[in-house]
Every structure is written in structure tokens, then in C-alpha cells.
Amino acid sequence: MASNRRAGSTTARLIKLVGKGPVQAVLVVLALLWLVPTFGLFVASLRGVQDNAQSGWWTAFADPEQLTLDNYRNLLGNPDMTGAFWNTVAITIPTTLLVVLLAALAAYAFAWGRFPGRDALFLVVVGLLVVPIQVGLIPVARLYGQLGIFGSIVGVVLFHVGFGLPFAIFLLRNFFVGIPRELLEASRIDGASEWTIFSRVVLPLGTPAIASLAIFQFLWVWNDLLVALVFSNAQTRPLTVTIREQMRAFGSNINVIAPAAFLSLVVPLIVFFAFQRYFVQGLLAGSQK
Amino acid sequence: MTATAGPGAAPKRPPSPPAGQRRGSVALKTAIFVLPALVMLGALVVYPIFFTVFRSFFDRAGDAFVGVANYQRMFTSPGTLTAIKNNLIWVVFAPTIATTLGLIFAVMTERIRWSTAFKVAIFMPMAISFLAAGVIFRLVYEHDPERGLANAVVSGFVDTFRSPGPYPGARVAESGWEESEGAFLSPGPVETGEFAQIGLLAVSPQLIPEQAQPARPAPAPGQSESSIWGVVWLDFSPGGAGEPGVIDPREPGLPRMRVEALQDGEVAGAAAAGDDGSFVIEGLDPGSYRLRLAASNFREPFGGIPWIGPTLVTPSVIGSFVWIWAGFAMVVIGAGLAAIPRDVMEAARVDGATEWQVFRRVTVPLLMPVLLVVMVTLMINVLKIFDLVLVIPGGAVQDDATVIALEMWRQSFGGGGSDFGLGSALAVFLFVLVIPAMAFNLRRFRLEG
Numbered sequence: 002m003a004s005n006r007r008a009g010s011t012t013a014r015l016i017k018l019v020g021k022g023p024v025q026a027v028l029v030v031l032a033l034l035w036l037v038p039t040f041g042l043f044v045a046s047l048r049g050v051q052d053n054a055q056s057g058w059w060t061a062f063a064d065p066e067q068l069t070l071d072n073y074r075n076l077l078g079n080p081d082m083t084g085a086f087w088n089t090v091a092i093t094i095p096t097t098l099l100v101v102l103l104a105a106l107a108a109y110a111f112a113w114g115r116f117p118g119r120d121a122l123f124l125v126v127v128g129l130l131v132v133p134i135q136v137g138l139i140p141v142a143r144l145y146g147q148l149g150i151f152g153s154i155v156g157v158v159l160f161h162v163g164f165g166l167p168f169a170i171f172l173l174r175n176f177f178v179g180i181p182r183e184l185l186e187a188s189r190i191d192g193a194s195e196w197t198i199f200s201r202v203v204l205p206l207g208t209p210a211i212a213s214l215a216i217f218q219f220l221w222v223w224n225d226l227l228v229a230l231v232f233s234n235a236q237t238r239p240l241t242v243t244i245r246e247q248m249r250a251f252g253s254n255i256n257v258i259a260p261a262a263f264l265s266l267v268v269p270l271i272v273f274f275a276f277q278r279y280f281v282q283g284l285l286a287g288s289q290k
Numbered sequence: 006m007t008a009t010a011g012p013g014a015a016p017k018r019p020p021s022p023p024a025g026q027r028r029g030s031v032a033l034k035t036a037i038f039v040l041p042a043l044v045m046l047g048a049l050v051v052y053p054i055f056f057t058v059f060r061s062f063f064d065r066a067g068d069a070f071v072g073v074a075n076y077q078r079m080f081t082s083p084g085t086l087t088a089i090k091n092n093l094i095w096v097v098f099a100p101t102i103a104t105t106l107g108l109i110f111a112v113m114t115e116r117i118r119w120s121t122a123f124k125v126a127i128f129m130p131m132a133i134s135f136l137a138a139g140v141i142f143r144l145v146y147e148h149d150p151e152r153g154l155a156n157a158v159v160s161g162f163v164d165t166f167r168s169p170g171p172y173p174g175a176r177v178a179e180s181g182w183e184e185s186e187g188a189f190l191s192p193g194p195v196e197t198g199e200f201a202q203i204g205l206l207a208v209s210p211q212l213i214p215e216q217a218q219p220a221r222p223a224p225a226p227g228q229s230e231s232s233i234w235g236v237v238w239l240d241f242s243p244g245g246a247g248e249p250g251v252i253d254p255r256e257p258g259l260p261r262m263r264v265e266a267l268q269d270g271e272v273a274g275a276a277a278a279g280d281d282g283s284f285v286i287e288g289l290d291p292g293s294y295r296l297r298l299a300a301s302n303f304r305e306p307f308g309g310i311p312w313i314g315p316t317l318v319t320p321s322v323i324g325s326f327v328w329i330w331a332g333f334a335m336v337v338i339g340a341g342l343a344a345i346p347r348d349v350m351e352a353a354r355v356d357g358a359t360e361w362q363v364f365r366r367v368t369v370p371l372l373m374p375v376l377l378v379v380m381v382t383l384m385i386n387v388l389k390i391f392d393l394v395l396v397i398p399g400g401a402v403q404d405d406a407t408v409i410a411l412e413m414w415r416q417s418f419g420g421g422g423s424d425f426g427l428g429s430a431l432a433v434f435l436f437v438l439v440i441p442a443m444a445f446n447l448r449r450f451r452l453e454g
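For the protein sequence lines, the chains are A and B, in the order given.
According to my numbering, the first sequence holds residues 2 to 290 in order.
According to my numbering, the second sequence holds residues 6 to 454 in order.
Below, simulated SDA-like cross-link-like pairs (lysine to any residue); rule was C-alpha separation at most 20 Å, straight line:
hint, chain 1, residue 1, chain 2, residue 2
1, B, K34, A, D191
2, B, K34, A, A187
3, B, K34, A, I198
4, B, K34, A, V202
5, B, K34, A, W196
6, B, K90, B, D405
7, B, K34, A, F116
One side only, chain B facing chain A, incomplete, derived with CB under 10 Å:
hint, residue
8, A42
9, V51
10, F436
With beta-carbon atoms standing in for the labels, derived distance ranges:
hint, chain 1, residue 1, chain 2, residue 2, range
11, B, P210, A, Q25, 48 to 56 Å
12, B, E287, A, T60, 42 to 50 Å
13, A, I271, B, A66, 41 to 49 Å
14, A, P80, B, P370, 53 to 61 Å
15, A, A275, B, E115, 21 to 29 Å
In case anyone wonders, no lab produced these hints; they're calculated from the structure.
All residues carry an ideal CB built from backbone N, CA and C; glycine is no exception.
Can you make the complete structure from the sequences, with help from the hints?
Printed below as a string of C-alpha cells:
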């Protein structure tokens, strides 16, 4: 009986092995299909505007002399582009820090605090998860006009924080709820303040969720176009908005667009590869956003 | 549910305070923790929802109350109607395709050793911006097959099965030749044993092959009663030295030109011209025939599919969306797949179910909750789709590709428009569309508890 089953599973394994050949081939083609377009942008970013106007990027393999670093050299010498790059940084980093801090505080209170209306308020936060950014644009633009921060980096950051918070609070609260009660109670009996418990117990234990959130928030803001399109001005606009300006004349500006686009996607890719695990965790934890 | 939540409303409700007298102070302290977030949410999300609804009943500058006029315009003006129609196409197709692909990928990679590498490749676009993806796909979708990857691949296939002719655009110089379906038919009959001279014009110089020789003005010896002899040549020499209808020594033959002999509309014989333009159609019954220059001589090379032209633009942009989001679907579904107890599938297999039956009857039903979450997530995303549609279609095509979120921006901020009335109405419409998703989230959250 047992040997019979083993024989059966060997046959099954053999069938699987043979059957896997075509599946593997299909997967290789699919992986190429997914990788080649980005690679094409990279190669295009290394070719002159004339070459890009006359032939496809793949011809560079037959004629490697097309490849040049000139586009990147010009990009780094272009104050509009370098300025935009630093604007992107100046928008993304504070937003990420603020969202993480405010959301962690709120999430801790929603998970373990006791105050009237706590659960109702949290349901409101869950409800806000899907609110489209478009709903905020006109009123906040008006508000910023009154406050005098329309066009400033502060304005862009605050808008991102507002619309980033529901997801952030939701993600962290669900994680914090899972922290063993005894840990918090022990600190409380030792006379620790709420702030001490939060900063000494909850934050360290919540690191995985906070990392996921920070990565998400970073990518989301780094990659944003719409918010910056509305709330930034010529001095404060990030890379995405600057590239999109250039795209009005795609063909003749390709030597600017391609390297800038590649520069703008390299940073998220590095973050993605460095923190892949947290990225996927965050995705699985809050897939409704 | 009332404002002060009763026990059981919140999952994993924390314990009652250890010391009753500290209750008030703990409540106060923790409430302070939520305060900054609530202020931000109130000012930047909750208040704007109400203001946008309110604003949508006023005119473009906000001076006059106009009732539902903005909503009427939204559902009657061609621009916004196109946006709504396109959004509908998006919502129906994009989530379905991405989820289906994600499911297929997740199942396919389940037992492959290098599945992690594959997953990283598929998932990678999730990290990059819609803008960068837009630039990537602008390059992929270039119309010219010489430059755009998609059309280079397509034209590679098309030209293999339907090769372009050697002389696109050329025509017969002599009048009276009848052109039909790309071919040229001689006006009168040609007898077997005769020598036919067929001069052509409008052959662009770079199309004349290297091997072309000066046209042979007379038949080679060995004339036979069962064949038609002739020459096809370019009846034009640069500088205009040649005389029309006469084979000038500087005028080249047109190699590879295919000439057919027709009798009663049927092809009785055919030949391709040599380097000097001469041809011999052999094996004919003596008699009279009409000559035809086959359409294949003049077939244009494949010019490429206009991916981001007015008709195909929405499917093309959806393609780029699927490229980005299939990885998300794959990862979430893959996690769901890993959570399915193996023994359920094994049991089905032991009972004699085929792999397809296991997939269809066991895997998919067990995955249903996950598939639903993925679909809803993608639908919310698709409703708000903006960047890809702003970036990929160039210029005027944007009008054909537009979606609600883009139209909201264009009416309110972009393109010189500052119609905050219509813009607000579009934003409200978008908000109303995501309310079912909101309800889904709330319900799911309270069930999961």
C-alpha cells in the first residue's frame, strides 16, 4: 500500500517535471514582457535625440556607439531638473515622517486607549480609506489660498499627510491591537506614562508595520503627480510634474524625459528591492487602499 | 451603532482599566494622541468632502447658486460623457484582466523553483510611478515600427506572413492600364510570342534594388510560341533624358516584379522579372492574354498599429495599467493560495479530479474572498485613474481617452479651465462611485472584527 502510493507520487512527479517545461517557457516570456519595457526606457535614456527619433532603442545592440552618457550629464547640469529632484526629496521625507508619527500615535490610542467615541471614530477612519483625492483638491486649494501656503512645499506635504493618514492609522492600529496586553499592563503597573509605553513598548514592537507603512508612504508620495500638479508651483514642483511638462513635446525632449524618468524610478526601485519583504507585508495588510 | 461604542463593537477590546480612579486621566491622555491626526483628517479630508458637495451647486466662480446645473452639464456635455463612458470601460475590463492574470501567475508559479525571481519581475512595476510607466509605454506604443517596440513586434509577425512588396506606390506609366485592388491590368491582349514592354513610374530611388541592371530593350534569343516575353522597367531617368515609352540605356529594370498572364480572368501563368527587368511567362497555350502586375508588387510595408490613436487609446492605456497592477493581484492571490489547506486539494486529487477540476471547483471557490478583495481594490484604483491617461495619450487624443478624474482636474485646474462648479460635481460623482467600496470595507472590517 505504502509502496504503491510512493510509486504513484513518483509518476506524478515525473509528469509534473515534464509538464513544467512549457509552463517555464511561458513564464520566461512573461517575465521578459514585464521587464523589457523598463529596460527599453533605460537604453533610450542613453541615446541621443537623433537616434531616438530615427530608430528603436534595440538597434543600440547592433550599434553600441549610439550609447552615451550625455543625456545624464545634461540632466545633472540642468538646474530645473536637479531642483525638481530635491523638491521631490523635500516633499517625500517630511510627509513620510509626519504620517508615521501622527498615525502611530492615533493608532495606539485607537488600539489601546479609552475615550468616548473611540470605536465610532475609528470606523470613520476606515470609511475615509477610499475617499478620492479629487474631493480634496478644490476646497484645500481655497484653504491654502487663505492661509497663503498655496504653491509651497508645506502645502503639498500637508495634503499628502491628510490623505495618507486613514490608511496609515488603519494599518498600524490593526498591528498594534495584536501586541500582547500583558506587556502594556506590566509597564502601566510600573507607573510608566502613556507616552513612555507608546515610545518604549509599542513603537519598538510595531517596527515591522511601521516599516511597511513608511515604505508605502514614501513610494506613494515620491510617485505622486496629481497632488503636486495642483499644489506646487514652478519653484516647488517635484520631478514628476517637471517631466510631465517636458512631455508636451515628447519626441524632441526624449533626451531629457527618458533620463529624468529613469532617475525618478530608480529611487523607488532601490527602496523596493531593499525592503521588499515589508513592501509585500504592507500590501497584504492593507489591500483596500 | 451609537457614538459611544458598546462592548463588542470593537474587536479585541482592551481590558478595563486596572485602577478605576485613573480612568479619566487615561482617557484624556489617549485622546490627546488621536488629536493631531483628527485635526489633519478633519481639515484636509472630512471638511473638503462637505465643501465639495456644497460647491458643486454653485457656478464656475462660486458667485451664484445654480442648483443641479453642474450635474446636468456633467451628464450632457460630450467631454464629460466621454469620460464617464471611458471610466465604465476601465472599471469593467482593467480589474478583471489584472485579477485574472494575477490568478494565472499565482497558480503557475506555485510549483516553480524560480518563482521568486518571476514574482519580482512582475511585481516591480508596482514600485514605480504612473508617470514613469507612462513614459515607458509612450515609447512602447510609438506608431512607427522602426521605433515603437509593440509595433516592431507586430510588424515582425505581419511582414513574415504577408511580406511587403518591392515597389509600394509605383504605377504603370502607359495610360489605359486598369488598377484594381492594388494590381494593374493591361488594356489590351498580348499574343503569345510577343514582346511586352511595361514601363513604370513613381518608384522612389531607394526602392530600386542594388542588383538592378539597365533594362533589356529586346527579347533574348529563343523566342517561343508558348511563352510571353517582356520587360518591366523604370520609364524615367534622373535628369529627364529619357523619352516616355522608350527604353533608355540609363533606365533600370525592376527585378522581382511579378507579372501574370490572364485568360478569362484566370491566371494561366506567371513570372518574376530578372535583374534587367526581363521576364518570360512559359508554358502558355498559344493565344491572347492580358497581363497583370500582381498586387503583391505594390503592397505597402506594415505601417504599425496606432496604439495611442483615438480608437485604441483606452485599451492601450488599460494595458499599461495591467502591466503595473497584475503583480499586486498575483502577490495577494498568491498569499491566499498559500493559506489554502493542502489536504483539501489532495483529497480532490485522490478522488480522481483532474488538475483543471481541482482549480475550478476547489481552488477558485476557496480563493473567492481574496479575489473579491483584489477586484474591489483595483476597482477603487481604476475609478480614480488619472496619471496614465494624462501622460500616455498625446495632445488631442487625450479628449478621446479622458476619464472622470482627469476631467475633474482639467475642468478645475488644467488647460486654462477653472470651472470649480463642474469640477466639484465631477469630484462628488467620483466620491459617490466609491461609496459601495466604502460600505464593503466597513462591513468587512466589522465582520472580521
